[in-house]
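S.K.: Chains as they are written, first to last, in the numbering used here: chain A, 1 to 114; chain B, 1001 to 1115.
FYI, nobody ran anything at the bench for these hints, they're computed from the structure. Keep in mind it's a predicted model, so treat the numbers as computed, not measured. Treat the hints with care, as some may be off.
Said to hold, decoys possible - For lysine-lysine, the following BS3-like pairs were computed, each having C-alpha atoms within a straight-line distance of at most 27 Å:
1) A:Lys101 <-> B:Lys1066
2) B:Lys1066 <-> B:Lys1014
3) A:Lys26 <-> A:Lys101
4) B:Lys1041 <-> A:Lys101
5) B:Lys1041 <-> A:Lys70
6) B:Lys1055 <-> A:Lys101
7) A:Lys26 <-> B:Lys1041
8) A:Lys101 <-> B:Lys1020
Unchecked claim - Coverage of chain A stretches by chain B, computed from C-beta distances (three or more under 8 Å per stretch; other residues unrestricted):
9) 37-43
10) 105-111
Ideal Cβ positions, reconstructed from N, Cα and C, are used throughout, including at glycine.
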Amino acid sequence: SQQGEEDPQALSIQEGENATMNCSYKTSINNLQWYRQNSGRGLVHLILIRSNEREKHSGRLRVTLDTSKKSSSLLITASRAADTASYFCATEPINTGTASKLTFGTGTRLQVTL
Amino acid sequence: GAVVSQHPSRVICKSGTSVKIECRSLDFQATTMFWYRQFPKQSLMLMATSNEGSKATYEQGVEKDKFLINHASLTLSTLTVTSAHPEDSSFYICSAESSYNSPLHFGNGTRLTVT
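Only chain A is shown next, with the shape it has when bound in the complex (with noise of 0.2 Å):
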């Protein structure tokens, strides 16, 4: 299988605290993704990192690329109740042509209790 892993599979934090889920690959890739889930609903994209970056920020979000590990971290700070939700990673290999064939990650269950 060519689907990423995320560590860890559940995660359950504190409001105010910082949540952060890892995310391993095993292809060459041309960008990684992170979306998030809330129950029973679809995936909202969060952020993009492509493989000649190493970080990348957007509001509370902190990502990581590291491409000789084949790894990315998703950061979250002063987590929120809201932030409750599953986080996936997925990437877009190379050479996919003209469409986004991304591969997901297993994702993180984020619990931020009160």
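Chain A is fixed; fit chain B onto it per the hints.
M.R.: Only chain B this time, still in chain A's reference frame:
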């Protein structure tokens, strides 16, 4: 922002019947749409890539005669689960690409229950 509408959100059907799920891009044209299947607490598994005006490309292990995909226009793709069985019960999600190399926009998914 780009919106993808997926309908229905929930459907319950009897074994042996067929179910059609629609995926529409509301404010952009999508030459490519993707269909996924997701089991509880698991990741998304790509089923097929739907290309406007041509046949869908199915992933290995996905029965094309079982999961019929039609992408008749730049804003609509449909997935029909034919002769549904209880093992087809799952969460089906579509996504659309507004332009090459841009993030995907996802529908809210369809919860299919086959009794």
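S.K.: Against each hint, give a clear statement of whether it holds in the structure.
M.R.: Results of checking the hints against the structure:
Only pairs whose Cα atoms come within 27 Å are accepted, and Lys101 (chain A) paired with Lys1066 (chain B) is accepted, the gap being roughly 22 Å. Taking the CA atoms of Lys1066 (chain B) and Lys1014 (chain B), the gap is about 16 Å. The hint holds against a cut of 27 Å. Straight-line distance between C-alpha atoms of Lys26 (chain A) and Lys101 (chain A) comes to about 15 Å, which keeps the hinted pair within the 27 Å bound. Between Lys1041 (chain B) and Lys101 (chain A) the alpha-carbon distance is near 22 Å, which keeps this suggested pair within the 27 Å criterion.
Only pairs whose Cα atoms come within 27 Å are accepted, and Lys1041 (chain B) paired with Lys70 (chain A) is accepted, the gap being roughly 24 Å. For the proposed pair Lys1055 (chain B) and Lys101 (chain A), the alpha carbon gap of about 16 Å is at most 27 Å, so the pair holds. Our distance criterion of 27 Å between C-alpha atoms is met by Lys26 (chain A) and Lys1041 (chain B), whose separation comes to about 22 Å. Under the criterion of a C-alpha separation no larger than 27 Å, the hint pairing Lys101 (chain A) with Lys1020 (chain B) is consistent with the structure, at around 23 Å.
For a cut-off of 8 Å, the count of residues in the region 37-43 of chain A with a CB near a CB of chain B stands at 4, and the three-residue condition holds. Here's how the region 105-111 of chain A fares: 4 of its residues keep a CB closer than 8 Å to some CB of chain B, so the rule of at least three is met and the hint holds.
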